[in-house]
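Asker: Please model the complete structure; the sequences and the hints are all you need to start from.
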Amino acid sequence: MKRLLKYLKEYRVECVLGPLFKLLEASFELMVPLVVKRIIDVGIANGDRDYIIKMVLIMIALAVVGLTCSLTAQYFSAKAAVGFSAKVKNAVFSHIQTLSYNEIDTLGTSTLVTRLTSDINTLQGGVNLFLRLLLRSPFVVAGAVIMAISIDAQATLTFGVTVLLLSIVVYVIMRLTIPMYKKVQGKLDQVTSRTRSSLTGVRVTRAFGLEEKEQQEFADANAALVAIQVLSGKISALLNPVTFALINFGLMWLLWEGAVAVNVGRLTQGAVVALVNYMSQILVELIKLANLIVQVTRALASADRISSVLEIESSMKEGTKAPEWNGAPATVSFQNAALRYANGGENAVEGITLKAAAGSTIGIIGGTGSGKTSVIQMIPRFYDATEGDITVDGLDVREYTYASLREKIAVVPQKSVLFSGSIRENIRWGKADATDEEIMEALKMAQAADFVMEKEGGLDYMVAQGGKNFSGGQRQRLAIARALVRKPAILILDDSTSALDYATDAALRKAIREMPNSPTTFIVSQRTASIMHADQILVLDAGQVVGLGNHESLMKDCEVYQEIYHSQFGGENEK
Amino acid sequence: MKSNRKIIRKILHYLKAYWFYMLASVFFAALSALLALYLPVLTGNAVDLVLEKGKVDFDGIKTILMQMGILVAVTAAAQWIMNACNNHITYCTVRDIRQSAMKQIERLPLSYLDQHPTGETVSRIIADVDTFADGLLLGFTQFFTGILTIGGTLILMLAIHKWVALVVILLTPLSLFVAAFIAKNTSSLFRKQSETRGQQTTIIEEMVGNQKIVQAFSYEDDAEQIFAENNEALRKISLKAIFFSSMTNPCTRFVNNTVYAGVALFGAWAVIKRTLTVGQLAAFLSYANQFTKPFNEISGVVTELQNAITCAGRVFELIEADPQAAEKEAAAVLSDAKGAVEISHVDFAYTEEQHLIEDLSVSVKPGERVAIVGPTGCGKTTLINLLMRFYDVKSGSIAVDGTDIRDYTRHSLRTSYGMVLQETWLKPGTIRENITLGKPDATEEEIIRAAKLAHSHSFIKQLPKGYDTVIGEDGGVLSQGQKQLICITRIMLSLPPMLILDEATSSIDTRTEMKIQDAFARMMKGRTSFIVAHRLSTIKEADTILVMKDGNIIEQGNHDTLLAQGGFYAKLYRSQYEF
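Sequence lines, in order, name chains A and B.
FYI, in this note's numbering the residues of the first sequence are 62 to 636.
FYI, in this note's numbering the residues of the second sequence are 3 to 581.
Any given hint could turn out to be false.
Restraint-style ranges between C-beta atoms, simulated for each label pair [as the list claims (entries may be wrong)]:
no., chain 1, residue 1, chain 2, residue 2, range
1, B, Asp-338, A, Lys-243, 48 to 54 Å
2, B, Val-76, A, Arg-64, 48 to 54 Å
3, A, Gln-246, B, Thr-204, 23 to 29 Å
Derived by calculation from the structure, the hints in this document are not laboratory data.
Given the structure is predicted, the values throughout are model-derived calculations rather than measurements.
Glycine included, each C-beta is placed from N, C-alpha and C at the ideal position.
Answerer: Okay, structure coming up:
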């Protein structure tokens with residue numbers, strides 16, 4: 062929470078004025094029973110109608126002033142709460158931009174999205190409520206007690222004991238129910254998870270004839286949920302009756318004490334009515350306070366989750382060098398590089414030593430989980446090598462600034478992600494100031510020009526969120542065009558042509574080779590056909606290098622490569 | 003409105019089981035509301051016995067205080083019982099509704115489930131039912147007591163003093179008008195706010211969800227810029243919306259205070275005229291203080307209830323969707339299937355407009371291995387849906403061992419097939435539970451033997467708790483390939499008489515796949531198998547290859563005869579070697 066408070070500082074003035082006006086309003090409200098007392102003791106006792114009218118006018122004036130104060134308070138609180146949450150959101154969003162892949166993996170992007178959306182909303186509501194009510198309720202309670210004491214000092218005991226007992230009751234019930242709510246939430250999550258799993262697995266459950274077992278398991282989870290709900294319901298249902306009973310017993314005590322006091326002439330009838338009124342006000346406020354505490358607890362939990370994001374520091378340090386780059390392809394070299402992920406035990410890949418000449422093509426092949434992607438992720442510093450070095454144009458990648466390093470590199474990731482916006486906007490991710498000619502050129506190279514031109518509006522055609530309005534192969538080609546428009550020094554294709562047929566794949570590779578200043582290209586693939594013409598092929602198996610060379614030499618002396626080749630081209634080369 | 007009434011009738015149907023609790027709830031609600039209302043009268047009476055110095059009727063006060071004590075105790079108890087009843091009714095009803103929704107899911111035809119996104123159905127069963135529960139609970143606790151309180155207060159006020167009561171009755175609707183006026187004006191602001199918030203969520207989901215791409219393209223600054231602009235817009239509209247909506251409370255409170263002042267004025271005059279006592283005035287004032295509260299609550303409850311009914315409607319839509327065709331009465335049980343599958347003149351379409359399979363006929367002898375190949379969308383998966391009777395044929399028939407599959411029980415037909423799909427599904431639970439889905443009574447040796455055959459034993463052993471490792475909804479730590487291996491292990495364990503393998507090894511790397519092929523080959527011996535695959539090595543060894551295109555079988559034969567034909571298959575085969 063502390064980390065977040067600094068964002069509230071800018072709204073210091075609003076944070077003071079909001080509660081202040083709220084307190085003013087409460088003070089006016091506290092004066093009403095006093096006015097009523099006057100009406101009874103002076104106006105009615107003397108039969109003075111003018112006096113009564115005067116007092117009623119005062120009450121209306123109090124109501125008007127109260128309304129004004131209250132509206133002012135609402136405005137300042139809303140301004141502070143909304144402004145605060147906007148600031149926090151910007152800060153968290155910016156902070157996420159600085160995290161490295163390792164941190165993003167550990168947190169998971171879905172968590173980050175929830176924290177940025179629902180958690181911050183909860184927090185905003187909590188702050189707003191806090192500013193408006195949290196000071197007000199205790200103030201009214203304290204004020205009512207003080208006013209009561211000012212009417213009759215001997216009422217202190219009655220009020221003190223009642224308020225104390227009420228506070229204890231409210232506290233105990235809250236202590237019991239808040240953890241229970243968490244349990245309810247946990248059980249509900251289980252029911253949700255069962256439901257989703259039954260739906261996604263409906264074919265399998267039916268294939269194995271397990272419908273009844275599924276139902277039974279759901280019924281169990283459901284029953285566990287209801288059991289805890291009913292239990293927590295029974296306890297939280299205590300809150301209202303118990304407070305109601307306590308306050309009324311207090312009231313009865315007060316009436317008796319009042320009767321005694323009036324009998325000896327220490328109090329007037331009107332004073333007793335006023336005391337009774339204050340007691341009722343306390344009841345109303347305490348119940349409000351209890352509800353408020355629930356909400357504020359929730360907001361605090363959200364605040365914790367948000368600040369934990371802000372606390373995470375990137376595990377990578379940015380370099381300082383930004384050498385000039387004239388658009389020429391780059392040399393890349395790995396010296397005994399290894400990568401171990403933050404949340405995975407063993408090295409994902411190790412012992413990579415490789416020199417890629419400027420403009421050459423490197424193929425990387427191996428089974429699933431053999432570490433192909435890990436190798437190429439170290440070049441743009443998505444992950445830092447945990448051992449060894451990687452240099453680009455002779456300079457260690459850790460010495461570049463992020464921007465100057467990544468400017469040279471274009472990556473086409475395994476999962477082709479597009480963003481909502483026009484095709485043009487999507488391609489411009491690769492090069493912010495690309496002209497339409499440059500974009501068309503990239504689309505042609507990526508074999509995407511045909512289907513883009515068929516779309517209504519061509520480059521202006523809107524891509525839906527997640528690129529849903531394109532087929533998998535089309536998305537891949539657009540992602541490739543987005544990379545090519547950069548005219549990078551290093552091009553990385555991470556298994557990114559899997560949805561393309563062989564002919565398109567081949568045409569694409571030919572286009573890249575024929576680019577002016579053709580980039581140093583890394584092709585990760587499961588298909589031998591995609592990489593067999595590369596200058597060098599790196600063969601990986603379970604994170605180890607088991608072969609490095611061109612197609613012909615590997616076919617001679619790399620057993621793993623031969624196996625992969627035969628599994629795909631079995632027909633011609635039966636062993 | 004009419005459909006609302008229907009929904010309410012259905013809700014009542016579910017509530018019927020808890021009629022006793024409902025009765026108790028209503029009774030105790032009425033009791034507590036009326037008793038609570040009577041308290042101010044007693045307090046007022048007590049105040050009237052406390053006139054001035056020396057004029058205090060202590061005996062009278064004692065009696066009144068005793069009455070009050072009993073009243074308070076009874077009211078509190080009644081409140082608690084009412085709340086407990088309401089909780090019980092609500093949570094149990096919700097449980098029943100969820101249970102029947104779940105039962106329905108098991109009975110729904112796959113066409114329904116395929117057409118409705120999982121997220122949507124889950125949200126009906128979870129979120130909608132929750133909203134319904136909230137509304138129901140609020141309705142029970144506040145609606146009824148609210149109305150009783152309003153009615154009771156009115157009667158008591160009128161009984162004490164007609165004219166002063168009239169002041170309250172005339173002034174109170176003002177607060178309703180004020181509340182309605184503000185609500186009407188803020189709703190458009192809220193709509194704008196939720197639009198802007200929706201845009202923000204999209205930005206967040208895209209940029210943060212794809213944070214790796216954002217960084218790969220050094221797009222961080224642009225992303226921040228886009229976000230900051232939207233965030234500022236949201237801040238402005240939120241401030242307006244929140245401020246205007248938060249005017250409701252102060253404004254109704256203002257009206258309330260005015261009513262209070264009005265009661266004080268006319269009440270005091272009445273006291274002077276001796277038509278009202280001071281104690282009665284005190285009672286009046288406390289009524290005036292409370293009177294608007296139930297009004298505000300009820301208007302809140304009405305919105306909640308409407309919301310609840312809408313949500314309940316969505317759940318009932320699911321519960322009442324047409325279930326799959328009932329089993330035939332004399333449905334036979336298919337056991338120890340030999341595996342003769344006869345598909346004759348089958349027509350099938352998911353939608354009226356688009357015919358997927360037309361006049362399809364294939365005859366498969368027991369123990370034959372059938373490979374199905376063809377471009378995406380050619381109907382391969384549809385054929386499997388029909389074989390498993392996930393969907394029923396539109397016309398024509400499919401027979402197993404000479405009997406139409408619609409004459410078997412679904413259960414016996416489906417368990418005769420062993421199915422491995424491209425999309426792996428693991429249920430939340432231990433690995434062991436997942437492997438033994440088809441054979442719950444398997445021994446440890448059997449499990450391990452099957453796992454070794456499927457090449458999953460070695461990685462399962464390396465997991466923290468081996469076969470007892472609990473995996474989450476999405477398979478958690480397991481890779482796609484490992485999940486597929488577990489699905490294969492299931493089949494290796496249960497060994498059903500027929501097999502369906504739909505791209506069963508697509509996520510497994512080619513080398514492991516080659517090793518599993520042996521095990522597969524042994525398993526397929528003597529078992530009729532349908533295999534959808536894109537790897538030629540798998541297809542080549544099939545007894546029959548069905549080449550499908552646009553829902554029709556365009557070529558049929560084995561690898562050599564099809565190559566010799568030089569048709570679509572031959573073309574497809576050669577394209578894998580071209581550049």
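Asker: Under the constraints set out in the numbered hints, which ones does this structure not fulfil?
Answerer: Violated: none.
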